[in-house]
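Chemist: These are the residues of each chain, in order.
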Amino acid sequence: MLRGYVARRLLIAVPMLFIISFLTFSMMHLAPGGLSAAFIGARVRLEEDRIAIMRHYGFDQPFHIRYFRWMGRVFEGDLGHSLRFRRPALDMIVERIPATLQLTIPSILVSVAVAIPVGVLSAVRQYSPADNLATIGAFLFVSTPSFFLGIVAILIFSVGLGWLPISGMSTFGLRDPSTLTVILDRLRHLVIPGGIVLGLGYTAGLLRYVRGSMLEVLRQDYIRTARAKGLSERVVIYKHALRNSLLPVVTILGMWVPYILGGAMIAEVISAWPGMGRLAVDAVFARDYPLVMGTLLLAASMTLLGNLLADISYALLDPRIRYE
Amino acid sequence: MSDKTGRLLLIAMVVAALILGGGCPRRAPGEEQPAAVTPVQGDTLVIGTVAPMLLNPILATDVPSTTITDLVFSGLVTVNDRLEFVPELAESWEVSPDGLVWTFHLRDGVTWHDGKPFTAEDVAFTLERIRDPHTITVRRGDYEQVDRWEVVDPHTFRVYFKEPFAPALQAFAMGIIPKHLLQGVDINTAPFNTRPVGTGRFRFREWKPDVHVILDRNEDYFKQVPHLNSIVFRIIPDDTVLMEELAGGGIDFSGITAPHYKRMAAVPHLNVHRFPSLRFQYIGWNERLPKFDDDRVRIALSLALDREAIAEAAYEGLAVPATGPFPLVSWAINPAIEPLAYDPERAKQLLADAGWKDTNGDGWVDRDGKPFEFEFLGRAGDPVSKMIIELAMEYYKAVGVKLNPLFLEWGDLVSRLDPPRRAFEAFYLGFSVGVDPDVHIFYHSTQAEWGFNDTNFQDAEVDRLIEEGRRTMDFAARKQVYHQLHQRLHDTQPVTFMFFIEAIVGVDKRFQGVTPSPIGTLWNVEHWWVPEAQQKHPAP
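If you're matching them up, the sequences are chains A and B in order. Counting in my numbering, the first sequence runs from 46 upward without gaps. Counting in my numbering, the second sequence runs from 15 upward without gaps.
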């Protein structure tokens, strides 16, 4: 039954996480640079300092010892300390969760809300001017690098027209800090990173999937049967076709689950949004391995969870699929 | 300043000329403000920066962190805009006749930001923590010459040196940390590092990671209490966005990179200042390799580059060719030395003298059947250093030397320069030189194995002059030593001295009293103020 299936999948996730963490730890170990990156802007001069630092961070130990020590601490809920910030990696990850969710959840919700109706419309009215417009738009935004979109949006809407803030999550020194103005201010700050940098790309991609899947379904025999029964076009499309056409879309949404907590590096950097993507990518460049391992463990867990959620939704949506 | 040596040192640091780059109006420090205008309190300065790492002066190495700790913490001495050491926590100091014992008289009535009194015990504690091998710091080397210290009484601190050490004061500009908050705590991971308590001009209020750091005026500061209410460091990682925020007024102050200079200079509400900084750029040649272990070859490689043209192309003219490792404002500069002029013909001649000639006519000079080629390391992701290396490739091609560029990330690059690897042939790099001209760690032969003499430069005369410069306490005599040292470095070219970079900053015009100096723009931020009518941020 479904419950047994979920339990088995969760059990498999544990060795998967082991393998992922081992591979990442090895890659970090092989990457050149090592410890010197922890002292951005300075170099260690005295030999005794170098030895002391290596020992402090455990770099005097062989690779496998370091890995198992790290693993052991993870089971105690300790992800270690960031080499650069010298703060617990777990604290640094946790404190970025609220900002990350405020960026990713709205952009995913808006993308889904826009992409599904537009995609359906595109498919139903295939090759109509509306479909062509949606198709051109989708290709344009899928193929434009998001950092470019972001900078152009800032130049147009913030610098040129002055409608939106240039960067940040809120206005510094807001005159009237009532709940409503704070929320409106946050939404204004969200438009470029959430709506344009993330949202347009998400929407464009999802729209193509919805359109393609809908076209596929509309060609099926049971749709012809439904039409032959004399059902209205509205019932055919929304009752029979839509539900089936959304199955592949669920897979895509499952793949998006890691983004929810993983953040979005480009949107966060451009808009100075204090999210998880920036934390993770900066950590990689600085070889800040406790932080890299921490963010990675989170991303890997979210990916496994996303896959599981997608599979479970299949079962709920598609009566043909049953898990033993 | 009460004593003779201190005064000598003070005069010692007098700087030749500050107004080199800008043409922007500038007031001498201490000069009176125009009579009718009295500074008023209020307003907030919003600074754009990349993220700081940790706010502890003995641990931090990155620029954003040290900028903040310079405001929150005080040293025994500080540096003014003429690169002179002036009293800070120490009211005065004196040196014993043999130059070995330095006695600091500490200011009375100074309190930490939490209200506890500051005493000589805190100074001793700071030095102990730096010396403690458990402390992860790169600063231990600054105190190598210190033998021991002693708390004479709560307001008198004495340091004993192993030998007379003229550059001593430089190490005492380091921020002092509070014993009562850090005793018995693991300083490497102390929460203190994210909510610091100092004795400085500004007190710490709040750090929201990746968002901002906020400091408030220290009402109890023992020198000029700042006029501004607060300073906000807004963390903005993208350079283009940072510039748009500056132009749009979202931030009041930020450094400006060369590509944005002209556009920012045209923004009406900004004062854009340019001024010579302490940032020194050079090309290092690995002299462990026979081809670079020859003064003639290194001089030829210096002569083959047109540094004026490179400065124009890569730094938009905002770099000055260097004649040595001393900034143009330093008293150590020997005024008789001219920068090596671009002279490819002489470069070829010197290479030929060293045995490098194009014997097989393939366009590259060779010796013993091998062409002169080398791998040149640069920092990846830095467009300026990329452009310089590409230009150098062309200049070297013109004298028959083949340069193979390789761009590496910072960590990777440094790990190849660091001992014991020293795995490089040549590299382009920069660092900020100290206020004192002591260059022992860079060019003394003892620093070649483990120190920053990465290139293994060995010259008995340079060694002797560096040692004499450290020992000579009399300023006039010391100055002569550095003039000789400068000449010797120029003649031997331990590295190819490339540039001193000009710093560019933009500051909103409402701020009065802004007079940037080589040590930074915020050095006198306690004197900055905004006329009441123009104040933007009311007190919280």
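FYI, nobody ran anything at the bench for these hints, they're computed from the structure. Each hint should be verified, as a subset may be incorrect.
To be verified - Taking beta-carbon pairs under 7 Å as the criterion, some of the chain B residues facing chain A (in silico): (1) R154; (2) Y157; (3) D252; (4) V255; (5) G264.
Quick caveat, the model's predicted, so the values are computed rather than measured. In this text, a Cβ means the ideal position worked out from N, Cα and C, and glycines have one as well.
Chemist: Now tell me if each hint is right for this structure.
Modeler: So, going through the hints one by one against the coordinates:
no.: 1; hint: R154; result: holds, 6 Å
no.: 2; hint: Y157; result: violated, 11 Å
no.: 3; hint: D252; result: holds, 5 Å
no.: 4; hint: V255; result: holds, 5 Å
no.: 5; hint: G264; result: holds, 5 Å
Hint compliance for this structure: hint 2 is the single one not met.
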